[in-house]
Amino acid sequence: MNEHTQESHDHHHEESFVRKYIFSLDHKTIGKQFLIFGLIMFIVGGGLALLFRWQLAWPDRPLPIIGASQTYLEEGEVETAADRKWEERYDDDKDSWLETNMPSGIIDPNFYNSLFTMHATIMVFFVVVPLLVGAFGNFLIPLMIGTRDMAFPVLNMLSFWSNMLGTIIMIAGFFVPGGHAAAGWTGYAPLSSVPELSGVDWGQNLWCISLIVMGISSLMGSINYITTIINMRAPGMTWFRLPLAIWALFIVAILLLLAFPVVASALGLILFDRLAGTSFFSAEGGGDALLWQHLFWFFAHPEVYILILPGMGMASEMLPVFSRKPIFGYKSMVYAMIAIAFLSWIVWGHHMFQSGMNPALGMAFMTTTMLIAVPSAIKTFNWLGTLYRASIRFTVPMLNTLAFVSMFVIGGLSGIYMANSPVDIYIHDTYYIVAHIHYVVFGGSVFAIFGGVFYWFPKMFGRHMNEILGKIHFWISFIAFNGVFFPMHIIGVGGHMRRISNPTQYEFLQHMQWINVLITMFAFVLGAAQILLLINVFWSMFRGKVAEQNPWQATTLEWQAPTPVPHGNFGAIPHVYHGPYEYSVPGAESDWIPQTQPNGESLPDEPVPAGAAAD
Amino acid sequence: MLKWLNFPEWLPENVSTFGKGVDNLFVAIYWITSIAFLGVMITLIVFLIKYRYQEGRSAGYIHGNTTLEYVWTIATAVIVFGLAMFSLPQWNKIKFPSQFPGDPGAVVQVNGKQFNWDMTYPGPDGEWETDDDLQLENQLHVPVNEVVHIRLTSDDVIHSFFVPQLRLKQDALPGRFINVWFEATKPGTYEIPCAELCGFGHSGMLGYLTVHTEEDYEAWKSERWPDTETKGVNVE
Amino acid sequence: MNELEHTSYTSTEGENRPISNARLAVLVLLGAEIMFFAGLIGTFLVFRLGSTTWPPASQVDVRLPVGVTGLNTIVLLLSGFTMFKAQQAIRQGLQNALRNRLFLTGLLGVIFLAVQGYEWVRLVHHGFTLSSGVYGSIFYVLIGCHALHVLVAVFWLLAVFIGATAGRFSVDRHVGVEVCAIYWAFVVLLWPILYVLVYLI
Ligand code: HEA
Ligand code: HEA
Ligand code: CUA
Ligand SMILES: [Cu+2]
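Residue numbers (the numbering used here), protein chains in the order written: chain A, 1 to 615; chain D, 1 to 236; chain L, 1 to 201.
Just so you know, these hints were derived from the structure itself, not from any lab. Treat each hint with caution, since some may be false.
[Said to hold, decoys possible] Simulated DEER-style distance windows between Cβ atoms:
| no. | chain 1 | residue 1 | chain 2 | residue 2 | range |
| --- | --- | --- | --- | --- | --- |
| 1 | L | 197 | D | 133 | 39 to 47 Å |
| 2 | L | 189 | A | 338 | 25 to 33 Å |
| 3 | L | 19 | D | 85 | 40 to 48 Å |
| 4 | A | 196 | D | 129 | 25 to 33 Å |
| 5 | A | 393 | L | 19 | 36 to 44 Å |
Model, not experiment: these values are computed from the prediction. The beta carbon of each residue, even a glycine, is placed where N, CA and C say it ideally should be.
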């Protein structure tokens, strides 16, 4: 499309390693960079979860491998971080990092708080968003809409590298005096905004700064996605011929664009409170602690749909392919996503039912939250409809997609309990919420990612992933996932609070402690299963079975491009003749008709110019 | 195994007057969602078996079914909207200060602070910040079968007052007083964990609610304020 | 903004776009900017509406320079007008007029910033600072963020001005001027809202 790309496409001149793999402008390479980045961060985030899962199961047993520190073994007891005032810890250089955070091999309470804070922060902002939006968004958008690259390749590269910058800042937080941010991923003020109250000093500042940088990174990404999707669709690719994954990514880009600046401003205010002596969030100076919650959730509720919508879109790609059937209710799928995106702006208060905001608002937010179940129901039933009279192939992507659908339903239905404000009085801030979180983000988004990686891998790397290893990974993950997170409903109903490092301190939780042990055991199995995924991904990149151009016999444009996809994607820009899901068309020769091939009869053959909003 | 699937069985014993209402809603949602879940899952599994790939059978060419889509959209909307409307009175009853039952048998100010609950009784004169105020750390004493009013606040960060058996939870905000009420129906001692992350001592921030029988409560009061005639204590 | 220009003008596929990539991108960016300020304005309103008196009781003696800032508002609005005229100039290919009007716009922008800066110094001298309660905090953050945006816009304008002196724009090749004008319009139009909110009511 631009001269540079065109040229290199034609002349195949050699690019330097740095230009090709590191500061690449090619959307496909940037997508792969995001993919590898996200998978590595998944290990980091999951590793943190395993650390604190051990603590939850055996609060008085030293961690394996890491064990007790030397000083502890010699002296019997060491001051822990929690014993010290934050001023003391601030210029504390006598202890090693391990001694501050887990002296007796047991996680210090403040470190525990940092662990789940960072677990969630990393999983949400450094795993799921980079994977779903960064990796799949970058790789798929130009290919699926039939163009040569993003509208602004340089901006695209900057988006990845500012994302890396944000990561470095975030990881650095673990090693500053005072420890990393420990106010939860929700960073409730004034715990987060007044250093004296948490004992955390630069950790929290870095957390804020890193998230602002991540916001800028997504801003660049979403400007690119929106412009590209609006302006650069191939001829004939009208809005209602877009694959649902693209619709999802388009909507998500808008959500990201509009949501992140709000939290960026709020994070800025926290930094002012911490560093410049203002008091936006402390009552003494006339500030308001609830203000942060409003600003945060106004952003973070759309954010959680940012985490699920691309997954929904990708599931809507894979289901038709492996059912050999058009998606059921294409347009209502689109409208449902738009409705979810729209409603997601007016439900944020459901996180604040017990926060002390006006109870009248609680009534309003309960109603809007309940309504958001309706578009989700439409999507679920349409997925079921797609399976009706299908011809289902149980490939690895399909298995993961089916897991996505069913686990999302569990997570969504548990959302109904909390949406109900009287019931939320009881289950708010218990493991019931933790169960909900993981059923939607792991059972939902992460299974969609598993499926998506497997499904698009042949196009990305020109090789297949191993089917058998994929199935083993899927089944262990699926079973262990339920083993970890289903019992969380139970202890949640039993009243088990979230964010506590030692459940055995409470009498009324004693009888459920064995469930915590069970959960932890499953968590280790779940973690081990992810090693299989990594092996499969990295091994297949170099050793996998070589893939043909369209191994799944799919209709969308990315599969019509050659494999491996050259710079510039397509020889000639394809023309699009019909919607994306023409499977099993009666009378057709094969059971799939690519979007680039006219299928006569009812659908128009004339290519419609891109940008003209037909349909 | 069945017990695992029957969530409501895991609820701790309810000892408050409004707790029953919360539990009933919980059970109602439990049934609605269970039926929705089973419906989806059974359909899914039946489809997966019935429409699995078989030699010589090809898939149908179906783009949708408008009537069906209307039906399930409207059905879901009616169910969830109905549920919301049905639950509102319960919410109002618990959280709207204007609907609190009056004539409390005890009024207490509860202060969350890192990492304790401070309970302040106004004393016989019913006034705050007078000499006969009584401050207890992590101990809340109330009479059974009487309405209790609580003024909830915090000294530093946000805490959350949670008594599982009362089905009561409310965040305590620094700089604000939030009114809460409950009426316990069974004497005993219950834990008051803090449910909102409030710093390194959050885990273990724990108070105790003692619900006394009428006589016990009178005895407890006369022990605390021996000089005054016990009648009239804790009346606003 | 060279990148923006570059891509949109060398593209041979997708000729008939209703709106160029660069312009679309800036409009999208403004969406984010609007939400950013919405967050801050929301914060302002929370404090404003949550307080029985305004300025809050602790700072009743603070008097914002309503009059001077009012004049300054007119300066900024004028710069919006000259920017609009600059755009018209290049649409007709008037190179000289473009340069002059860009210069004038930039000058007005700088005057606006200078006056703002001067008023801030005076306010600080009166003891009204960032850390003197929420009133000061939100005032400086909100108005400061706008000033920062004006500053960015001025630098952007400078780049465009240099381009204009080098004769880089023509009747059918001036998207660089257009996108800058869009951004300029945003900072200009945002200001009266802030003025009314923060200074007048
Ligand atoms: C991907 C992320 C994701 C998604 C999609 C959702 C989806 C939903 N969430 Fe969730 N939520 C989170 C991520 C997500 N959530 C996270 C991370 C938190 C915790 C934040 C924190 O505090 O740390 C949270 C917390 C959270 C709360 C706050 C709880 C509390 O702190 O007390 C609430 C309350 O209303 C809620 C509700 C909902 C609802 C109603 C939906 C709905 O969209 C679900 C709709 C789906 C269905 C209902 C299933 C399909 C429908 C059918 C099968 C039809 C039949 C259904 C009926 C008849 C009811 N969520
Ligand atoms: C996308 C989001 C996402 C994902 C994928 C996960 C994945 C997991 N989460 Fe997470 N979680 C959140 C988002 C997520 N979580 C959020 C938002 C919160 C709320 C935080 C808050 O309260 O602020 C939360 C909170 C949370 C809690 C509650 C903490 C508390 O309140 O005290 C728990 C407890 O068990 C938990 C567990 C797990 C586990 C076991 C996994 C597992 O699925 C992870 C499995 C993966 C791995 C384990 C990685 C691979 C492992 C290996 C390759 C092994 C080798 C490595 C080592 C041993 C170091 N999570
Ligand atoms: Cu107090 Cu948690
Ligand atoms: Cu939400």
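| task | Output the numbers, in ascending order, of every earlier hint that fails for this structure. | result | none
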